[in-house]
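2 protein chains.
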Amino acid sequence: MSEVAVGFAKENGERFVEELKELLRIPSVSTAPEHVGDVRAAAEFVKVGLETAGMENVRLIETSTKTRKGHPLVYAEWLHAAGKPTVLLYGHYDVQPAEPLDEWKSPPFEPEIRDGNIYARGAVDDKGQMWMHVKALESLLKTDGKLPVNVRVIVEGEEEVGGEGIAAFVREHGDQLKADAALVSDTEMFAPELPTLCVGLRGMIYTELEAKGAATDLHSGMYGGAAPNPFVALAQMIAQLKREDGHIAIPGFYDGIEEPTKAELEAWRSLPFDEEEYRKHEVGSTELTGETMFSVLERTWSRPTMDVHGMPGGFIGAGAKTVIPAKATAKISFRLVPGMKPEETFAKYKKFVEEICPKGIQVKVTMIHSGEPIVVSTDNEYVRAATDAMAKVFGKETVFVRGGGSIPIVGDFVRELGTPTVMMGFGLPDDNLHAPNEKFHLANFHRGIESIVRFLDGVGAGR
Amino acid sequence: MSEVAVGFAKENGERFVEELKELLRIPSVSTAPEHVGDVRAAAEFVKVGLETAGMENVRLIETSTKTRKGHPLVYAEWLHAAGKPTVLLYGHYDVQPAEPLDEWKSPPFEPEIRDGNIYARGAVDDKGQMWMHVKALESLLKTDGKLPVNVRVIVEGEEEVGGEGIAAFVREHGDQLKADAALVSDTEMFAPELPTLCVGLRGMIYTELEAKGAATDLHSGMYGGAAPNPFVALAQMIAQLKREDGHIAIPGFYDGIEEPTKAELEAWRSLPFDEEEYRKHEVGSTELTGETMFSVLERTWSRPTMDVHGMPGGFIGAGAKTVIPAKATAKISFRLVPGMKPEETFAKYKKFVEEICPKGIQVKVTMIHSGEPIVVSTDNEYVRAATDAMAKVFGKETVFVRGGGSIPIVGDFVRELGTPTVMMGFGLPDDNLHAPNEKFHLANFHRGIESIVRFLDGVGAGR
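These protein sequences, in sequence, are chains A and B.
Residue numbers are given in numbering that gives the first Met the number 0: position 250 of the first sequence equals residue 249, and the series is strictly consecutive.
Residue numbers are given in numbering that gives the first Met the number 0: position 324 of the second sequence equals residue 323, and the series is strictly consecutive.
Where hints are given, some of them may not hold.
Intra- or inter-copy, both count: the list cannot distinguish identical chains.
Distance condition first, Cα-Cα at most 16 angstroms in a straight line; then the derived EDC-like pairs of lysine to aspartate or glutamate [said to hold, decoys possible]: (1) K141 <-> D179; (2) K261 <-> E276; (3) K145 <-> E263; (4) K358 <-> D244; (5) K358 <-> E290; (6) K326 <-> E286; (7) K326 <-> E102; (8) K358 <-> E286; (9) K358 <-> E243; (10) K395 <-> D429; (11) K350 <-> E209; (12) K20 <-> E33; (13) K326 <-> D101; (14) K391 <-> D174; (15) K349 <-> E10; (16) K349 <-> E286.
No wet-lab data here; the hints were simulated from the structure.
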């Protein structure tokens, strides 16, 4: 059965890419209020795609949180495989902001193919990978008229802003997403040609730390030396949050952290990873930073960390303005690992910055969004079906890795729904996620579709 | 003679304000490349004003530095008072950027009069005060047909960006500005109704500290914990530059500083200054900061300090973007006091940040502009003429203060030309210089014109 569907996918591969391009042209930046219409347009596009594939009961589900109207979920189902398991396919159609725009070689929302890669914001994260799911379903339904398993599809538009809408939906209507397993394609392969399953993700809290000093902007000549400077205060606080050796100095920050197992650590050591290569070709800095007593994979997969993403306020134009701004803000996030809870970490962080706040400054800490860290079980038939499927496509044994990023809803699938989750992703380490010149290797787009067809077939065949 | 001129100024006071409004409508922001045409338009406006006043040889003088074309100087003269001293009048027609625009009650370049104050960017710094000079000359020339002394006028368009153009002109053509004394109105009165001469100014260096980490922006989920974060690095460096007690930790930073004299410190102590009032109504913060072993006046007049004005880079939009930016910058300035040299302070600062630069980060330190600190002599006939003039206008004894800000060219007048300089300013402490809602108290605009008329008359009368 899969062979016919795989044949269909190959014959229609070019069309699939053209459709993906159309989707990539929609600037569905979920964090930007000015793009709210584009985000909805992307949802509509996905809905039409699922209908065309032959899925049933396709619809938008509106979401909202306490404070605002959310972006819609796209739902679809096909539930006629009596006696077979139900698989929940998850993806997201929203994207990160494209800034800084001047560093893109081709415009972020005008997809361009160069050297076998498609370049656009969202190419791999996650429009391209989500579209693989839609096209795998289409390939099966158009050739066989049915699916080998029952399938539910849920595609969200808030993954890049914390996924509150889908989280609320799972809490309140989890039964509508009831499944025996979930398939998520929003991760990457450890190396080119190396089939990879992701079995753990860091969680996160994304916050704003605002420092207020004087009542109004002041002239630094007249007041410098007596008026509090919010940027200097933020710098002093940030320097106390994270030491130069990468250690986070918030009291109790590391309490309760669950270490990876010995077997997992050993498996990581056998992965094809060259720290010097990584430094040179992925990061491109003179040195790597962080807790040197841990390996780079541990530092990015199983150790929590802190980053500052931007510091709005004051004067940022060309040239000079001698202002002591009344307030300044730092966008600060923490990545969390199993054993840490977002609310608890936030509370410790808030308490600490309130304690160390320099005099003359008032701090306000705001949680922008959060997601829980997770690890998933690898000992089940779904993981086996996934590794078998990828072995056929890639001709290689699958490696198990973790991801340093967060996919907030996966934690909810695992915890709220108790659904075994397979994170089978086809990105590459140099795909520039969240950065200028994001790309997706087109060969992996096609191999992804084939892998998903074979995975669903494998689950349906009872192994 | 002055009485007639003063009468003329009073009769024409409303017209003078209407003219000032026209000048304030020109957004001559010298640091902004997009306003280069407006800056020139302001220069032309001043030129016409000086011609109308009856000054001679009025012309624009083009300036340039090694790296760019500068904004023009406006020059004028009237040299027919044989045997009398020559006074050089200095002012500037450029202004600070108006950002943040949303905090202005009326638009920064649409002057509005409320409660006896004129609100606009540049109202007091320095268009309003420079216009007092022009109108004082007009009042004398239109009534008496001549001036009581020889006068040269030089008005620059780069004071807010370091005044490199006028500095080069003074170095190369200082003879064209030859004078027995200089009058500068770009400072403020210590308190309302209290005539004030400023006898010292802090110098400054304005710099950009750029930190570069990875070769490109990175996803903080995937790379957080291993990739250097330029904002965290800047925070760590800034926290090491300035301690929480206000002490600057750069080695040798305070070397060679000249303390104010005992008499000067005593005079400062007798000024009507209430630290709590200042904190509450001028600064508006919960506490004042800085070196508490020094008084607030010392901290802002005779102690060097450091401020951060803005930190461009990364993501500063609404919401969240989980980026580790490839680079980030801090706009950092230092205020210098007598005994410090801008180049030497810059060299110590540069050496220090290069030493403390966290690993994985490359720093680049750039000097944007600088100005030397100065103190001027108070024991000369020009200072006596100024205090006499103000005593007549205000009916009060003049106080001597220093200013915390910088007027770069004043140092050059004092050092290069050896010109005794009188800094007679009419701003008020709450005039919001360099901040939203900048204003000039109109009563002080008119009293300033009268004071200048009487000052020139006093100098001409030989006392």
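Going down the list of hints, with the structure as the test:
1. Taking the shortest Cα distances, K141 and D179 never come within 16 angstroms of each other, neither inside one copy (24 angstroms) nor across copies (95 angstroms).
2. In this assembly of identical chains, K261 and E276 lie within 16 angstroms of each other by CA distance neither inside one copy nor across copies; the values are 25 angstroms within and 64 angstroms between.
3. In this assembly of identical chains, the alpha carbons of K145 and E263 never lie at most 16 angstroms apart, being 39 angstroms within a copy and 93 angstroms across copies at closest.
4. Only between protomers do K358 and D244 lie at most 16 angstroms apart by alpha-carbon distance; the minimum there is 9 angstroms, versus 27 angstroms within a single protomer.
5. For the homomeric pair K358 and E290, the shortest alpha-carbon distance between copies (12 angstroms) is at most 16 angstroms, but the shortest distance inside one copy (31 angstroms) is not.
6. Taking identical chains as interchangeable, the C-alpha atoms of K326 and E286 lie at most 16 angstroms apart only when they sit on different chains, with a minimum of 15 angstroms there against 33 angstroms within one chain.
7. Proximity of K326 and E102 under a CA criterion of 16 angstroms is satisfied inter-copy only: 13 angstroms between copies versus 29 angstroms inside one chain copy.
8. With identical chains, the CA atoms of K358 and E286 are at most 16 angstroms apart between copies only, with a shortest distance of 6 angstroms across copies and 35 angstroms within one.
9. In this assembly of identical chains, K358 and E243 lie within 16 angstroms of each other by CA distance solely across copies; the values are 8 angstroms between and 24 angstroms within a copy.
10. Within a single copy, K395 and D429 get their C-alpha atoms no closer than 21 angstroms, and across copies no closer than 73 angstroms, so neither meets the 16 angstroms cut-off.
11. Taking identical chains as interchangeable, the C-alpha atoms of K350 and E209 lie at most 16 angstroms apart only when both belong to the same chain, with a minimum of 14 angstroms there against 31 angstroms between chains.
12. In this assembly of identical chains, K20 and E33 lie within 16 angstroms of each other by CA distance neither inside one copy nor across copies; the values are 22 angstroms within and 37 angstroms between.
13. Taking the shortest Cα distances, K326 and D101 sit within 16 angstroms of each other only across copies (14 angstroms), while inside one copy they are farther apart (28 angstroms).
14. Proximity of K391 and D174 under a CA criterion of 16 angstroms is satisfied in neither setting, with 34 angstroms inside one chain copy and 88 angstroms between copies.
15. In this homomeric assembly, K349 and E10 never come within 16 angstroms of each other (Cα to Cα): the closest approach is 56 angstroms inside a single copy and 62 angstroms across copies.
16. Neither within a single protomer nor between protomers do K349 and E286 lie at most 16 angstroms apart by alpha-carbon distance, with minima of 31 angstroms and 21 angstroms respectively.
Consistency with the previously given hints fails for numbers 1, 2, 3, 10, 12, 14, 15, 16, ordered from lowest to highest.
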